[in-house]
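Enquirer: Those protein sequences? They're chains X and P, same order as listed.
For the first sequence, the numbering used here begins at 1 and goes up steadily by one.
For the second sequence, the numbering used here begins at 1001 and goes up steadily by one.
In silico DMTMM-like pairs for lysine to aspartate or glutamate, Cα to Cα no more than 20 Å straight-line:
#1 LYS268(X) <-> GLU1078(P)
#2 LYS412(X) <-> GLU402(X)
#3 LYS1153(P) <-> GLU315(X)
#4 LYS1160(P) <-> ASP307(X)
Every beta carbon over 10 Å from chain X, so not counted as near; a handful from chain P, in silico:
#5 PHE1009
#6 LEU1061
#7 MET1071
#8 LEU1115
#9 GLU1125
#10 LEU1199
#11 GLN1210
#12 ILE1306
These are calculated hints, taken from the structure and not from any lab test.
The beta-carbon is built from N, C-alpha and C at its ideal position, and this holds for glycine as well.
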Amino acid sequence: MKQITLNKWKRLSALLLALVMAFALVSCGSTSDGSAAPSASAPASDAEPAAPTDSAAPAQEGDAAPAQESASSDLAADQTLNLLLSTSTVNVLEPNGASWVGEAQIYAETQAGLLRIVTDEDGNDSYVADGAEDYVISDDGLTYTFYLRDNTWSDGVPVTAQDYVYSFFRNLDPENGFSTTQYVDVKNAQAYYDGEITDPAEVGISAPDDHTVVYTLEHPNSEFIYYLAYRSGFPARQDVIEAATSQYGTDYTEMVFSGPFKITSWVKDNSVTLEKNETYWDADNVYLNTVKFQLVPEISTQATLFDAQQLDVVEYNDDYGEDWLAQADAGQIRYISKPGAYSNFLMFACENGGNSGLMGSAKIRLALSLAIDRQELVDVIWGRNEAAYTYVPPACLVGTTEFNVTGEGLVKELQAQYATDEQLQALFQEGLTELNSSLALSDVYLDFVRQSNTLAEQNEVEYLAQTWERRLGIHINVVNTPDDEERQQQMDYDIGLNSWEGGASPYDYLFVVNVPFGLKYLTGVYTNEEVNGLLANVTAIPDETEQANVYHQIENIILEEGGVGPLYFTDIRYFVQTDVQGLHFTNFGAAAIEFSHAYIAAE
Amino acid sequence: MIKFVLRRFLELLLALFLIATATFFLTAAAPGDPLLSRTLALPEASRDAMYAKYGLDKPVLERYVITMKGMLHGDFGESVVYQGQTLQTILRDKLPVSARLGLQQLIFGVLVGLLLGVIAAVKRETWIDRCIVVFAVLMMSVPELVLGLIFQKYFAGTLKLLPVIGWPTGKDLWFGGWKYTILPTLSGGLLYIATYSRLLKTSILDVLDQDYILTARSKGLSEPRIVWSHIMRNSMIPIVTRLPVTLAMCLTGSFMIEKIFAIPGIAAYFVEAVSANDLSIVLGETVFLAALFITVIFLTDILYTIVDPRIRIQGGKR
Chain X
1 MKQITLNKWK
11 RLSALLLALV
21 MAFALVSCGS
31 TSDGSAAPSA
41 SAPASDAEPA
51 APTDSAAPAQ
61 EGDAAPAQES
71 ASSDLAADQT
81 LNLLLSTSTV
91 NVLEPNGASW
101 VGEAQIYAET
111 QAGLLRIVTD
121 EDGNDSYVAD
131 GAEDYVISDD
141 GLTYTFYLRD
151 NTWSDGVPVT
161 AQDYVYSFFR
171 NLDPENGFST
181 TQYVDVKNAQ
191 AYYDGEITDP
201 AEVGISAPDD
211 HTVVYTLEHP
221 NSEFIYYLAY
231 RSGFPARQDV
241 IEAATSQYGT
251 DYTEMVFSGP
261 FKITSWVKDN
271 SVTLEKNETY
281 WDADNVYLNT
291 VKFQLVPEIS
301 TQATLFDAQQ
311 LDVVEYNDDY
321 GEDWLAQADA
331 GQIRYISKPG
341 AYSNFLMFAC
351 ENGGNSGLMG
361 SAKIRLALSL
371 AIDRQELVDV
381 IWGRNEAAYT
391 YVPPACLVGT
401 TEFNVTGEGL
411 VKELQAQYAT
421 DEQLQALFQE
431 GLTELNSSLA
441 LSDVYLDFVR
451 QSNTLAEQNE
461 VEYLAQTWER
471 RLGIHINVVN
481 TPDDEERQQQ
491 MDYDIGLNSW
501 EGGASPYDYL
511 FVVNVPFGLK
521 YLTGVYTNEE
531 VNGLLANVTA
541 IPDETEQANV
551 YHQIENIILE
561 EGGVGPLYFT
571 DIRYFVQTDV
581 QGLHFTNFGA
591 AAIEFSHAYI
601 AAE
Chain P
1001 MIKFVLRRFL
1011 ELLLALFLIA
1021 TATFFLTAAA
1031 PGDPLLSRTL
1041 ALPEASRDAM
1051 YAKYGLDKPV
1061 LERYVITMKG
1071 MLHGDFGESV
1081 VYQGQTLQTI
1091 LRDKLPVSAR
1101 LGLQQLIFGV
1111 LVGLLLGVIA
1121 AVKRETWIDR
1131 CIVVFAVLMM
1141 SVPELVLGLI
1151 FQKYFAGTLK
1161 LLPVIGWPTG
1171 KDLWFGGWKY
1181 TILPTLSGGL
1191 LYIATYSRLL
1201 KTSILDVLDQ
1211 DYILTARSKG
1221 LSEPRIVWSH
1231 IMRNSMIPIV
1241 TRLPVTLAMC
1251 LTGSFMIEKI
1261 FAIPGIAAYF
1271 VEAVSANDLS
1281 IVLGETVFLA
1291 ALFITVIFLT
1301 DILYTIVDPR
1311 IRIQGGKR
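Let the hints inform the model, and build the full structure from the sequences given.
Expert: Listed below in structure tokens is the structure:
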């Protein structure tokens, strides 16, 4: 939890940034004219509409929504779900303006985007149609046509295609400070944002009628459909937003809702209460009447609440985990555990060589990366998480194809090649020689700059520093700073730690290294022209296998050059009360806990 | 007296000005950019618009002038972290919550504390006195965080007598939802019991040894008259003069209690504001708290003269 809190902004900013990358695509002008099938994990094909899931929520962890005819007998009388409110900022509860995970959790359940992210039988993220009934992607991969359902806002006004178009242009207004990045693939969206064109009709989005939204792209992009499952594909009501007296989304009494729930109470920094939205198109299959989010920063209070069954879902934590695991074994509660999507890695000050001037060397970076025994790190220091031998987590898919495999990867193969301390030292020494440095290993001093908020984080830093000193014979100067992000921006370090959670596709992890379009400081401004060139074209590749190969090619270059040194993937661990059924724990969904079709089972 | 009040008022303004200036420059110089994480992912134009919105695109001195001008009108600016919120909206929403919690703790704690103080003094050197002393020392030593968690776990978690968390809001803000307030009141109020029982006991014992009590007795005054007119009145001086500061402190909340019981009060918010580098709110809260405490100290000085006529304010009549 702390890890996630520390990096809370990254999760959503991944989405925002994803389209910054699209600038690269536009500027490179290297688009493919060939037909492109979407390769994100959407249940869509060129001509076939998405399968709507009107009847029941897909299963998760063996849960199934109650069959409609027997629903009433399966359901407890009190359909109230109690969840924790995110400790990240919760202040803007509408899709366009939200920036943080806690805000996304709520807008995703109170608005109906075109698509909704759930998990499939294997626990992987997948899409179901929500605001849209079905959609068609043209053979050339340039036109996305969405056919909307008959859905109604909570004030009784029908949801129209124009609401989606308005939401689009709202994001494209720089004055709002919203994310525009996910739209940049849309024809002329960038020019409109830059003020080069002012006529909305020239931009590639239109509403030919009240039930149809058409997006036209500059070039094919397999990622685009994926963005629409996030804030890009949510509707916004112009009349309501313009009538609001405060910034829309900060006062629930001025808001309208198109999703399964509506906000009925909100005590800032304390609690948010949702109630079933009877005007939602699928309200018959929404079983929960009330969902209470409560901010409980104190872990022991969370435990007391969970033990008293006043909280339905709680994250694993070291103090209470063992006790709860025992309860889960006894069948008193349920334990949910799955590989997560947070990639935690070593970063190196590539741009300026860092304070030592040595970090420009790929061999030195690689030696530092390979010196770390990932399995020992997760076993000894964390007692959880998955050792990472790739940068892209195994949770990512290319289309429907598996990409990386847990416990395997190039880093592991390279570690076998450089297994001994002598081999690693020789590699480091080669790096020094290439830099024309006369330093002996024992004269090397590296600044390892890290913000350590918890004991485990401090232990991790010490473990890494000692490992480098022991195996490589160099000196590590550990700097614990209250703001390592700022040091990273100023390139005032040699080695740092960072983490990233992107979207469901490898692209959302790899694009960040595409300087200057990605998140350059996240990886110490590691840059490689070949990587940039491959990234510019990869999303237009229609064939999933071919696309996966290119992603592997990109990732391997980054790993071989020590662009980042992957360490571990944070896993997802929850405990859930046994009577709560139908929850989806998504890796990449706007709602981390998707509960739109969950229910409380009768005892 | 008027001269005294006037001088104190001018001192208050000067102190607030200095405090605001120091806070402004300290926060401006502190590492960390409050908008960094919110805007890092935004394209250039959107990012610039955000910095311009909060005035953070301007040089520090210019921002200082703008801030000071705004301050004259009570406008500290919008929260950088919580869009749409200002110091006023935060105080409006959160101060009453913290104030009720603090007042309940104070009233409960001080009343019980004074009662125990009298009992301990009257029964001094008996087992009752010793029990009270041990209890007081224990309560002063155990942090309220620990007390709160223990009470919560047993009274709410195990015995299920009271809610684990929560706080009355809306129409129940001041006079409803009592069951939610019991554990937080107890957890924070015990410290007041400990403090005030010890204070009053010491004070009473001190007064008992004074010559004027002996004089009163030798004059043949009745025992109740001695107790009420001489012992209690003089013993209360340290209590009365301490109360205003306690009151000011309790109004602004208790970070730990609010955190444990998920109370939407102001203390937790202020701590958050500092860690999140929420410039306008940090400045606003500092000035607000400074004004509150300076005023309270001023009132305390006045109170001294009322409860103890022997004390005269300099510049006043002799």
